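Student: Sequence:
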Amino acid sequence: MGRRWQDGRGRLIVPGGGGGPAVVLPLEIAASYRARTKGLLGRNSVDGAMLLSPANSVHTFRMRFPIDVAYLDRHLTVIAVHTMRPGRCGLPRLRSRHVLEAESGAMAEWGMRVGTRVTVEPL
Numbered sequence: 001m002g003r004r005w006q007d008g009r010g011r012l013i014v015p016g017g018g019g020g021p022a023v024v025l026p027l028e029i030a031a032s033y034r035a036r037t038k039g040l041l042g043r044n045s046v047d048g049a050m051l052l053s054p055a056n057s058v059h060t061f062r063m064r065f066p067i068d069v070a071y072l073d074r075h076l077t078v079i080a081v082h083t084m085r086p087g088r089c090g091l092p093r094l095r096s097r098h099v100l101e102a103e104s105g106a107m108a109e110w111g112m113r114v115g116t117r118v119t120v121e122p123l
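Numbering of the sequence shown is given in my numbering, commencing with residue 1 and proceeding in unit increments.
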């Protein structure tokens, strides 16, 4: 079930918890080495989320704001969610194949937690 995306834009769909409506968000896809390396560096914010793929860890050196990080397995199921302040290095997650990044607090607002299975739709 290996997924291969191209750098670009898409939509992230987070299913609504407890039968609520799904949350649909703008998504930036960083699939090339260059795009993954740059990530959110040098930015003041992110609109929606950024997907780094393939990835199993991230760092926040030279970042300007704290971020939420969700580690996804090969089925796009969340296996861990953490908030990272600038200047930190996250530990690699063995089962992680993709990483989602968003502004701090956003993932809790979207209802994203361990066990949530998201959908990625490239545009």
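There's no promise every hint is true.
Claimed, not checked - Pair by pair, the computed Cβ-Cβ distance ranges are:
| hint | residue 1 | residue 2 | range |
| --- | --- | --- | --- |
| 1 | Ala108 | Arg64 | 28 to 38 angstroms |
| 2 | Gly17 | Gly42 | 14 to 24 angstroms |
| 3 | His82 | Asp47 | 15 to 25 angstroms |
| 4 | Gly18 | Arg62 | 31 to 41 angstroms |
| 5 | Arg74 | Leu41 | 24 to 34 angstroms |
| 6 | Gly19 | Gly87 | 13 to 23 angstroms |
| 7 | Ser32 | His59 | 11 to 21 angstroms |
| 8 | Gly18 | Gly105 | 31 to 41 angstroms |
| 9 | His75 | Arg9 | 33 to 43 angstroms |
| 10 | Gly115 | Pro21 | 30 to 40 angstroms |
These aren't lab readings, by the way, just hints derived from the structure by calculation. The structure displayed is predicted, hence computed values, not measured ones. Idealized CB from N, CA, C, for every residue including glycine.
Student: It remains to establish, for every hint, whether it holds in the given structure.
Tutor: Outcome of the hint check:
1. The supplied range of 28 to 38 angstroms is broken by Ala108 and Arg64, whose beta-carbon atoms lie about 21 angstroms from each other.
2. For the hinted restraint 14 to 24 angstroms between Gly17 and Gly42, the CB-CB distance of approximately 34 angstroms leaves it violated.
3. Evaluation of the 15 to 25 angstroms hint for His82 and Asp47 yields a pass: the beta carbon distance comes to about 21 angstroms.
4. Distance hint for Gly18 and Arg62: a CB-CB separation of about 39 angstroms, consistent with the stated range 31 to 41 angstroms.
5. At about 26 angstroms, the beta-carbon gap between Arg74 and Leu41 stays in the expected band of 24 to 34 angstroms.
6. For Gly19 and Gly87, the hinted distance range of 13 to 23 angstroms is not satisfied, since their beta carbons lie about 40 angstroms from each other.
7. At roughly 18 angstroms, the beta-carbon separation of Ser32 and His59 lies within the given 11 to 21 angstroms, and the hint holds.
8. Against the hinted window of 31 to 41 angstroms, the Cβ-Cβ separation of Gly18 and Gly105 comes to about 20 angstroms, which falls outside the hint.
9. Between His75 and Arg9, the C-beta spacing of about 23 angstroms breaks the proposed range 33 to 43 angstroms.
10. The hint said 30 to 40 angstroms for the Cβ distance between Gly115 and Pro21, and at roughly 19 angstroms that hint is violated.
Violation of the numbered hints given earlier is confined to hints 1, 2, 6, 8, 9, 10; the remaining hints are satisfied by the structure.
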